Amino acid sequence: MHVMEGCLPGPWWQIWFAISIPVIAYGIYKLNKLVDERRDILPLLAVAGAFIFVLSALKLPSVTGSCSHPTGTGLAAILFGPAVTAVLGTIVLLYQALFLAHGGLTTLGANAFSMGIVGPVVAYVIYKAGMKMNLNFYVVVFLAATFGDWATYVVTSIELALAFPSAVGGSLTSFKAFATIFAVTQVPLAIIEGAVTALIFKYIIQVKEDVLVGLNVMTADTIRKIRGSAA
Amino acid sequence: MNNLLDDYALASPLRHHSNWLKLAIVAFGLLVGVSSPSPATPLFITLSMGFATLFFGKIPLKFYLKLVLLPLGFAATGSVVILFFFGTGGEVFSLEIFGYRLVANTGGVEMALLVISRTVSGMSCVFFLALSTPMIELFAVVKRSGIPDSVVELSMLMYRYIFLFLDVAISIKDAQTIRLGYTNFRRSVYSIAMLASTLFIRSWEQGEKLYIAMDSRCYDGKLTVFEAKRPIRAPEAVLTTVYAILTIALLHFTGNAGFI
Chain A
9 MHVMEGCLPG PWWQIWFAIS IPVIAYGIYK LNKLVDERRD ILPLLAVAGA
59 FIFVLSALKL PSVTGSCSHP TGTGLAAILF GPAVTAVLGT IVLLYQALFL
109 AHGGLTTLGA NAFSMGIVGP VVAYVIYKAG MKMNLNFYVV VFLAATFGDW
159 ATYVVTSIEL ALAFPSAVGG SLTSFKAFAT IFAVTQVPLA IIEGAVTALI
209 FKYIIQVKED VLVGLNVMTA DTIRKIRGSA A
Chain B
8 MNNLLDDYAL ASPLRHHSNW LKLAIVAFGL LVGVSSPSPA TPLFITLSMG
58 FATLFFGKIP LKFYLKLVLL PLGFAATGSV VILFFFGTGG EVFSLEIFGY
108 RLVANTGGVE MALLVISRTV SGMSCVFFLA LSTPMIELFA VVKRSGIPDS
158 VVELSMLMYR YIFLFLDVAI SIKDAQTIRL GYTNFRRSVY SIAMLASTLF
208 IRSWEQGEKL YIAMDSRCYD GKLTVFEAKR PIRAPEAVLT TVYAILTIAL
258 LHFTGNAGFI
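So the protein sequences, as listed, match chains A and B. Residue numbers for the first sequence follow the working numbering, so the first one is 9 and each next one is one higher. Residue numbers for the second sequence follow the working numbering, so the first one is 8 and each next one is one higher.
Calculated from the structure, these hints are not laboratory results. Only a predicted model underlies this, so the values are computations on that prediction, with no experimental measurement involved. Ideal Cβ placement from N, Cα and C applies to all residues, glycine included. Just to be clear, a hint being listed does not mean it is correct.
Stated by the list, open to error - With a straight-line cut-off of 27 angstroms between C-alpha atoms, the simulated DSS-like cross-links for lysine-lysine are:
#1 B/K216 <-> A/K210
#2 A/K216 <-> B/K216
#3 B/K216 <-> A/K38
#4 A/K136 <-> A/K233
#5 B/K229 <-> A/K38
#6 A/K38 <-> B/K150
#7 B/K150 <-> A/K41
#8 B/K180 <-> A/K210
#9 B/K73 <-> B/K180
#10 A/K41 <-> B/K216
#11 A/K136 <-> A/K41
#12 A/K233 <-> A/K210
#13 A/K136 <-> A/K216
#14 A/K216 <-> A/K140
#15 A/K136 <-> A/K210
#16 B/K236 <-> B/K65
#17 A/K38 <-> A/K136
#18 A/K41 <-> B/K229
#19 B/K180 <-> A/K216
To be verified - Selected chain A positions facing chain B (in silico; Cβ < 7 angstroms):
#20 E13
#21 I36
#22 L39
#23 P51
#24 L52
#25 G57
#26 T114
#27 V204
#28 L207
#29 Y211
#30 V215
Turn these sequences into a full structure, and let the hints guide you.
As structure tokens, then:
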């Protein structure tokens with residue numbers, strides 16, 4: 009769900025940069041602290057970022073047949089938390105703009121806000137809340153990834169609607185219009201990404217659960233419980 | 008996804024010109040294009056950048072056209088909304104869908120055209136940079152720009168691994184396709200999840216090995232990169248200045264909204 013280069017006029021692309029940059033700066037601060045604490049985290053973050061980029065270069069099976077790809081933000085938010093994901097996401101967005109022509113440089117601020125900040129924060133909050141309520145782990149991952157994607161899509165619609173208010177009814181009317189058009193692809197897409205993310209976690213828990221323990225995503229006890237309930 | 012823009016940048020003759028000059032040209036084009044009040048200036052930027060990419064950069068025309076047309080799909084979807092909901096003025100045409108009557112007026116048509124022209128001009132600038140400057144050259148520039156070291160290191164390591172993982176992903180996907188992994192919707196979802204998780208686990212193991220390898224070679228959080236000296240030559244400087252003057256003149260004469 010990228011906003012293309014040049015789509016945001018006048019003050020809007022600067023405004024989104026102004027909103028995103030402090031959050032990304034906070035993410036960098038957190039990242040530096042993490043790297044000081046554990047030196048092996050930088051290569052691991054780098055491969056995770058490369059993984060997200062490659063994931064987003066793959067095409068998802070899509071109902072409508074339009075160009076659609078996973079964002080991977082839900083996965084990253086659950087693994088690394090929203091602050092570090094904001095930094096990772098911004099770098100991935102920059103590479104997408106330069107290598108794949110997804111998104112753009114002036115719209116990088118707006119894209120970073122919708123995909124690197126809001127989406128991961130929503131996914132993370134849902135994940136934490138769901139785990140607190142003792143829901144089934146895979147259901148929680150599915151919900152987190154799906155709602156994270158939907159949040160991204162709603163924010164993108166808001167960004168476009170604010171920049172192009174409708175003549176009758178202002179930004180609210182144009183928001184409805186943008187949201188309706190994008191909903192055709194984004195609503196089913198987010199559900200597919202949720203399912204794929206849940207399946208990815210299933211494999212990780214089966215094959216390489218020490219990743220999750222090492223990142224403090226969950227304790228060894230929880231993993232034993234999840235494996236027990238699946239068997 | 009087999010054709011990354013970076014592959015073309017590595018072979019481009021423009022690679023051996025000053026990175027700072029190229030960045031300046033692109034930044035100038037992006038800023039002027041996005042703040043232009045009429046479609047004429049973005050169009051001029053598109054033509055100039057396209058010419059520079061094709062003629063100086065020796066990029067195949069067919070490949071370039073495909074590249075420019077691809078993102079237009081998204082721009083078109085957004086523009087449809089702008090077309091029908093934005094602006095005032097006389098009615099140009101109207102459509103009837105599900106009982107709703109959608110009216111496009113002159114303001115909407117002008118705005119939609121402007122947004123599409125801005126998108127195309129922005130894309131042509133980004134493509135000029137992407138097709139002439141490999142990421143390796145940009146790292147040297149980024150290192151000197153005051154962005155924290157940890158972020159630059161992260162980007163460099165990420166860049167290194169993108170290509171390795173793409174190769175792995177493509178070969179897994181080919182293997183799955185041959186074994187009928189993408190014949191229907193259910194199977195496709197299952198296959199793509201399997202592909203993604205295998206890729207994740209493999210890349211994670213790669214990352215652990217990378218840490219050991221770098222640590223044993225005394226990695227202390229700083230990879231040094233070589234920045235080749237590339238002075239700006241006179242013809243380039245003249246051509247860039249002429250381009251900039253022409254663009255600003257065009258912007259000035261097509262009615263500006265407080266840019267200059």
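Hint status (Cβ of A/L39 to nearest Cβ of chain B, threshold 7 angstroms) | 6 angstroms, holds
Pair hint outcome, A/K38 versus A/K136 [Cα-Cα no greater than 27 angstroms] | Status holds; Cα separation ~19 angstroms.
Take the C-alpha atoms of A/K41 and B/K229, compute the straight-line distance between them, and say whether it is at most 27 angstroms.
-> Answer holds: A/K41 to B/K229 is near 16 angstroms, not above 27 angstroms.
With chain B as the partner, please determine if A/G57 meets the hint condition of a C-beta pair closer than 7 angstroms.
-> At 4 angstroms from the nearest chain B Cβ, A/G57 passes the 7 angstroms test, so the hint holds.
Is the Cα-Cα distance between A/K38 and B/K150 27 angstroms or less?
-> 20 angstroms, holds
Would you mind confirming whether the straight-line C-alpha gap from B/K180 to A/K216 stays at or under 27 angstroms?
-> 22 angstroms, holds
Against chain B, run the beta carbon of A/V215 and see if the smallest gap drops under 7 angstroms.
-> It holds, given that the least Cβ distance between A/V215 and chain B is near 6 angstroms, below 7 angstroms.
Under the criterion that the straight-line Cα-Cα distance not exceed 27 angstroms, is the pair B/K236, B/K65 satisfied?
-> 23 angstroms, holds
Taking only the CA atoms, is the gap from A/K216 to B/K216 under or equal to 27 angstroms?
-> Measuring from Cα to Cα gives roughly 15 angstroms; hence the hint holds.
Per-residue hint verdict: A/I36, partner chain B, C-beta under 7 angstroms | 5 angstroms, holds
Under the criterion that the straight-line Cα-Cα distance not exceed 27 angstroms, is the pair B/K216, A/K210 satisfied?
-> 24 angstroms, holds
Take a quick look at whether B/K150 and A/K41 sit within 27 angstroms of each other, Cα to Cα.
-> Holds, because 20 angstroms separates the two Cα atoms, which is no more than 27 angstroms.
No hint from the list above goes unmet by this structure.
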